[in-house]
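Trainee: Sequence:
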Amino acid sequence: MATAFILIAKVPSSSFLAGLGLSADYSGHLGGEYMNLAYSLFLGNGFSDPFGRATGPTAWMPPVIPALIALVLTASQGDMRWVKIAAGCVQWTTIACVLFPPLLLGSVLTCDAKQWRFILGAIVGSIAVASNFYHLAQFTHDHLFGLIFLTLLWLMVVIDARNESGSKFAFAKGFFSGVGALTHTVGGIAAIILQLWLSRNARTRLLLVFGFLLAGLPWCFRCYHQLGRFFPIKSNAGFDAYQALIVDDDGVPEYASLAQHPVHANSPAGAEYDEIGESEFVRSKQKLFFQRLQNSPADAIKRVIFRFQAFVMGEGSPEHEFLCVQRRQWKVGWNCFFGIMVVLLAISRDSPFYAIIALKIWMLFSVPYVLVSYYDRYGAALVSIQAIIVYSGVCLLIDCMIDRRFPILRRSIKLSGKKG
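The sequence shown begins at 0 in numbering that gives the first Met the number 0 and counts up one residue at a time.
It should be emphasised that the hints constitute simulated quantities derived from the structure, not laboratory data. The model shown is predicted, which means the values in this text are computed figures rather than measured ones. In this text, a Cβ means the ideal position worked out from N, Cα and C, and glycines have one as well. Heads up, some of the hints might be wrong.
What the hints assert, rightly or not - Cβ-Cβ distance ranges computed for the label pairs, FRET-style:
hint	residue 1	residue 2	range
1	Gln76	Cys399	33 to 41 Å
2	Leu197	Ile118	46 to 54 Å
3	Gly227	Trp81	33 to 41 Å
4	Gln76	Phe336	46 to 54 Å
5	Cys399	Leu70	33 to 41 Å
6	Pro267	Val366	37 to 45 Å
7	Leu370	Gly227	39 to 47 Å
8	Cys399	Ala121	32 to 40 Å
9	Tyr254	Arg161	44 to 52 Å
10	Asp349	Leu70	14 to 22 Å
11	Met362	Lys286	49 to 57 Å
12	Gln76	Leu257	28 to 36 Å
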């Protein structure tokens, strides 16, 4: 199934595909700043020059993804074809991560009516991939690694909850979250907060925090040594907050506001970044952000509300400016149905534990983006979590219908499950 989706993604654009909402492949993007940093590492210039020009050491992005790309470049002696092949493998893995959890839930974690649940899982996973096809199969950036990490986090927490392991492997799980933060910062922070939330004793929490810090602090100390300032994993959060509150007109970046990003050397932000350096640049933007926040709190709240709407509906982002109408309709339809399932599972007393874990991951991951800065690529990391929530909500609805309207059928299903 994943193979079929990827093959469709690589087919050149035609009027037929355009009518379906399948735009041309844009996988060659390769992460923008991530690719620049990887190439700098490959050339022996260290973790520097995030915008493709000589600007010096940086903490603009977390280090794991550039290091992985640089490793591929080194192994292939700088052959970009192998980088693109590796990016394609990540896309395959990402689509598999969307399809796998609903299929797992339909075949392993439920005890009755396995056949229809498995079929439902396949349908939900396929719709999730189709509705988010561009970001999963036609655009390469850090959201792919974020999605893989969040899927592994959900699976790890579910297995841990079923086995009741307690403090066992707590240090390793904390270290896993720290590595996740060095790969996808918001995902890693959400992971450690979730595990602290679910842990039951002080010893487990202490081991989790110790593992997390052991993974992340060496990088933070490197940033302090290189840039003269302590940054928690990455430095660009202050600029993102400034951009969403001051530069953009509604709090969700569009291409007009992204044109004022320091990645563009000819923009005012690019010239300022080159002149004063990254540390002072971020400090100045943070100062402007807090001044505006203090002077216009109502405007800041309005932007947060708009970002929440964009996050829930999957609209209001730069990517939507070049997606066709059909693709927008698919994504908005998926997100609307997903929102209904979130409400259903949140208010139901019968929500399964694996759905509650998915809801907590979704909430913890979404809060920073809603409060600070958001556009559609950020939310794409949650597609597998969305698929879990939609599958769980639909199963809950079907179970309620069977219980209320067909109680005899429910008893026969349970009896057949026991005999099987």
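Trainee: Indicate, hint by hint, whether the structure satisfies it.
Mentor: Hint check:
1. Gln76 - Cys399: 33 to 41 Å: 59 Å, violated
2. Leu197 - Ile118: 46 to 54 Å: Taking Cβ atoms as reference, Leu197 and Ile118 lie about 31 Å apart, which means the hint is violated.
3. Gly227 - Trp81: 33 to 41 Å: 37 Å, holds
4. Gln76 - Phe336: 46 to 54 Å: Holds - the Cβ-Cβ distance for Gln76 and Phe336, about 48 Å, lies within 46 to 54 Å.
5. Cys399 - Leu70: 33 to 41 Å: 50 Å, violated
6. Pro267 - Val366: 37 to 45 Å: 31 Å, violated
7. Leu370 - Gly227: 39 to 47 Å: 27 Å, violated
8. Cys399 - Ala121: 32 to 40 Å: 22 Å, violated
9. Tyr254 - Arg161: 44 to 52 Å: Since Tyr254 and Arg161 have Cβ atoms about 46 Å apart, the given range 44 to 52 Å holds.
10. Asp349 - Leu70: 14 to 22 Å: With Cβ atoms ~47 Å apart, the hint is violated.
11. Met362 - Lys286: 49 to 57 Å: 30 Å, violated
12. Gln76 - Leu257: 28 to 36 Å: With Cβ atoms ~34 Å apart, the hint holds.
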